[in-house]
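Line by line, the protein sequences give chains D and H.
Counted from 1, the first sequence has number 28 at position 28 by the working numbering; the numbering is strictly sequential.
Counted from 1, the second sequence has number 20 at position 20 by the working numbering; the numbering is strictly sequential.
Think of the hints as simulated: they come from the structure by calculation, not from any bench.
Don't be surprised by glycine CBs; every beta carbon is placed ideally from N, CA and C.
One should not assume that every hint holds.
Simulated DEER-style distance windows between Cβ atoms [to be verified]:
| id | chain 1 | residue 1 | chain 2 | residue 2 | range |
| --- | --- | --- | --- | --- | --- |
| 1 | D | A119 | H | F22 | 50 to 58 angstroms |
| 2 | H | T7 | D | L6 | 43 to 51 angstroms |
| 3 | H | R59 | D | A14 | 16 to 24 angstroms |
| 4 | D | T110 | H | Y33 | 35 to 43 angstroms |
| 5 | H | T52 | D | I120 | 45 to 53 angstroms |
| 6 | D | I135 | H | D9 | 47 to 55 angstroms |
| 7 | H | G12 | D | A3 | 21 to 29 angstroms |
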Amino acid sequence: MQAKPLTLKIFDLASVIVVGIATYLALVFAPTELVMGDVQRIFYFHIGTAWTALLGFLLASGFSVTYLITKNLKWDRLQVAAIEVSLVFFFITIVLGSIWARPVWNTWWTWDPRLTTAAITELIYIAYFMLRQGIEDPERRARFGAVYALLGGLSAPITFFAIRLFRTIHPVVIGGSNPEAEGGFAMTADMRVALFFALFAFTVLFIDLFWNRVRLGELQDKVEQLKLKVSL
Amino acid sequence: MFFYETTPDTSGYMMAGYLIAFLVMGLYVASLYLRQRNLKQDLAMLEELDDTTAKEAKRRQSQ
Numbered sequence: 001m002q003a004k005p006l007t008l009k010i011f012d013l014a015s016v017i018v019v020g021i022a023t024y025l026a027l028v029f030a031p032t033e034l035v036m037g038d039v040q041r042i043f044y045f046h047i048g049t050a051w052t053a054l055l056g057f058l059l060a061s062g063f064s065v066t067y068l069i070t071k072n073l074k075w076d077r078l079q080v081a082a083i084e085v086s087l088v089f090f091f092i093t094i095v096l097g098s099i100w101a102r103p104v105w106n107t108w109w110t111w112d113p114r115l116t117t118a119a120i121t122e123l124i125y126i127a128y129f130m131l132r133q134g135i136e137d138p139e140r141r142a143r144f145g146a147v148y149a150l151l152g153g154l155s156a157p158i159t160f161f162a163i164r165l166f167r168t169i170h171p172v173v174i175g176g177s178n179p180e181a182e183g184g185f186a187m188t189a190d191m192r193v194a195l196f197f198a199l200f201a202f203t204v205l206f207i208d209l210f211w212n213r214v215r216l217g218e219l220q221d222k223v224e225q226l227k228l229k230v231s232l
Numbered sequence: 001m002f003f004y005e006t007t008p009d010t011s012g013y014m015m016a017g018y019l020i021a022f023l024v025m026g027l028y029v030a031s032l033y034l035r036q037r038n039l040k041q042d043l044a045m046l047e048e049l050d051d052t053t054a055k056e057a058k059r060r061q062s063q
């Protein structure tokens, strides 16, 4: 395996710095929301991780299409990396949402359309890795994975639009309002700064982790090929 | 909580949230590092095995 490129090392460092700044902005710079108190600060990381995760799932669908057209395993590696990192980020989104909901909605979890679609999305992609684990042949695994990820990709826009299409208590903070929402709030200018920086920070972190995961996939493939060669 | 007249103290939930977020991210980074380290060890071992097999095959051919 080739040594880590300098650009990736810079990205590693940059992601630590920008996530640190995003944490400072969320915890110190942004004002305390008067009705919910400090728990509202969870919102910055909740949206940041959700944004990158849903984008990653869509990206993986794009890689699936490219794999199905080209049959080049490189696209399969990219797809797996995008889904794995997105799965981690989306898990954080769900956990943060649940922690926020406890004092605001007085419950850790409710089967609201947004929460349900989010949980289904997470489960779909956990099942994606279970499916891949069960297939030995790399080409067959990549083909099945690509079709599955392509169909699974539909869950990302459904989750995103769930609060805009269905009756839900989940607030719509950006680009709309929901009369039935509980826990909505008006963002001040400082809150916007913290939010947009969190979006930027998590995008940088996503790119960094994605790139590292792609390199891991390359190494996995190399080991797999060598194992086959030695066993022959 | 919306009937409170003063801002409620929900900082415990906030801290728990950020702690879990960083813990999950840290665990994922650690898993990437460990998997990479194990694969590098596997690769080194397999390359050694491959070399030995190739040398043995050459020796048998020359005999």
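A quick look at each hint next to the structure:
1. Evaluation of the 50 to 58 angstroms hint for A119 (chain D) and F22 (chain H) yields a failure: the beta carbon distance comes to about 23 angstroms.
2. Remark: the range hint 43 to 51 angstroms for T7 (chain H) to L6 (chain D) is upheld by a beta-carbon distance near 47 angstroms.
3. Checked against the hint of 16 to 24 angstroms, the pair R59 (chain H) and A14 (chain D) fails, with Cβ atoms roughly 52 angstroms apart.
4. The supplied range of 35 to 43 angstroms is met by T110 (chain D) and Y33 (chain H), whose beta-carbon atoms lie about 37 angstroms from each other.
5. The hinted window of 45 to 53 angstroms between T52 (chain H) and I120 (chain D) holds, with their beta carbons roughly 50 angstroms apart.
6. About 51 angstroms separates the C-beta atoms of I135 (chain D) and D9 (chain H), a value consistent with the hinted range of 47 to 55 angstroms.
7. At about 45 angstroms, the CB distance of G12 (chain H) to A3 (chain D) disagrees with the hint of 21 to 29 angstroms.
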